[in-house]
Amino acid sequence: MRSPLAIVLRKEATDHLRDRRSLFSALLMPLLGPIVFAASLGLVARSVRADKPLVMSVVRGQAAPNLIAFLERSGAVIEHAPADYEAQVRDGKLDLVLVVGEDYGKELEAGRPAPVQLVVDGSRTRANVSIRKAQRLLHGYASQLGALRLLARGVSPQLAAPLRIEELDLATPEKAAAQMLVMIPLFLLMAAFMGGMHLAIDATAGERERGSLEPLLINPVRLRDVVLGKWMATVLVTWVAVACTLGAFLVLLTRLPLADFGLRARMGAVEVLGMLAAVLPITLLAAALQMLVATFARTFKEGQTYVSLLALVPMLPGSMLALAPVKPALWMMAVPVLGQSLLMIDTLRGDVAAAHWFLAAGLSSAAFAALCVAATVRLLGSEKVVFGR
Amino acid sequence: MIEVRDLSKRFGAVQAVDGVSFSAADGVVTGLLGPNGAGKTTTLRVLSGLVQPDRGQALIDGQDVRADPLEARRRIGVLPDARGLYPRLTAREHVRYFGELHGLGGADLARRTDELVELLDMKDIADRRAEGFSHGERVKVALSRALVHRPRNVILDEPTNGLDVMSTRAVRDLIRKLRDEGRCVLFSSHVMQEVSALCDRIVVIARGRVAADGTAAELRAQTGQENLEEAFVSVIGSDKGLER
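Chains as they are written, first to last, in this note's numbering: chain A, 1277 to 1665; chain B, 310 to 553.
Derived from the structure by calculation, the hints contain no laboratory data. Heads up, some of the hints might be wrong.
[Unchecked claim] Label pairs and their calculated CB-CB ranges:
(1) B:THR524 <-> A:SER1279: 44 to 54 Å
(2) B:ASP482 <-> A:ALA1289: 35 to 45 Å
(3) A:LEU1588 <-> B:ALA334: 38 to 48 Å
(4) B:PRO396 <-> A:ARG1400: 30 to 40 Å
(5) B:ASP417 <-> A:ALA1651: 50 to 60 Å
(6) B:ASP489 <-> A:SER1279: 35 to 45 Å
From the three backbone atoms N, C-alpha and C, an ideal C-beta is built for every residue, glycine too.
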């Protein structure tokens, strides 16, 4: 004879395999993440291609032939600025315009600061790279000229340069890629919190709404077995959703020419196992939490309202980590969702955390899941919930 | 054999059931008659162990429901007030699901399902999904899943409510058949016709109390009324909430 738990599990599985909405939330919704990822990669690709030569539109360039020559030597393409250059910068047609002051030649000859103006629109992030380049070139020209003047007066230019500033970028290509790859854990967590949503609500609030809960509970089965069966069905559907998301990302990461975009992601067997070890325990909690919350609802619609809010939970650590990156510590692993986010980000960065960190994160999620399941059993055992209208 | 002793249950300010006692014997159809809101449904819910009484006892075949609700549920088949179906499961799958939860399986369950399909005349709908079933068809499915484990005691909450004439006849025939098989049948109704046509014994409930208990002849004698309808009205004190 089969256990009641297995009977309930099989019934829910059969029931929801026939439900288009369940299939949608398990199979199609998880593809949303990879699609967004591919689209934003397209955007990154475009900005990487912005490595094209710096184009500088110049007003009154003939007044500063040496400066123009310096800029051209440094690789800039010099163009004549149109008359309505201010409007064009404002509209984003031009990234920047260099205006040589009317008194440029006179002031330069007199050894006074010669006026040049850089016309930019600071609100356009797309132009930022060009603007920074232009500024660096102008500063370079200014310090070169200054050094020559000091030398002409018998002073060592080193006196005027008390600091020698060098930038050393420590981000390995993997780490830079991880910036982009942070999306993957986020979407995996969202799959965990959305995949089984429909089943969790239908098996609790839906069961109440259509009046099938009372007949079900009159069977000689312990409530615990009924709830566990429904919970396991939800977990299974969630696994399908997580697997779909991870599979789609794997396809993307191996098929897309990531290296062309300056991205290098390692997704070998170890990384995939690491991601699964991080995300699977949270599905236990997500399913249990969804059922608990939906049990408070009297109708499917009401349950959907509550549970949709839960789907925002995975966003919290993601956006928190983006704003204020933290150094992962063991205690953070015990915080559901936060622990999983950190573990997955580290895995993608190429340094898989120690096994006991995974264990801490997994055990904490499992413990919280057990609490939620127990609370659901208690709730469904109450007359108010079973018969309440 | 179903027995209820001094049962009381209060919901907030409402005393739904107030010291109800009666018994329903095997091989007898016992009707629980009373106006809407008299406490019939609450009494039946205590019998299935889903509502805990504040006071009193419910016994199925001499076993206290509260002491071992699972054993009590094995011995009863219930058509509750709520008879919702799963829209994506077929009629046959509903019967199978409940049969499995009762520990049945294999060829035995398949045979029993066929039997019920035959008994309740469900051949047309047996392998159709429940969404779109008419009210009568839904009650048939709910009845057959309640009877799948051949329970000794059958509890039906307003079984003919909202049914057309043909379906009502089918349910009445089923109730008589269950009685002839020696089962204990307890059903509730607020329809006098129903109760007087079917019941061997009648328990009249009003305002959470038993107002009268006996055969139709005994009730007529008790009240001195020739007409059973008049007897009911005089027992309950009014005909509010009752249907002739």
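Enumerated hints in conflict with the structure, sorted upward: 3, 4 and 5
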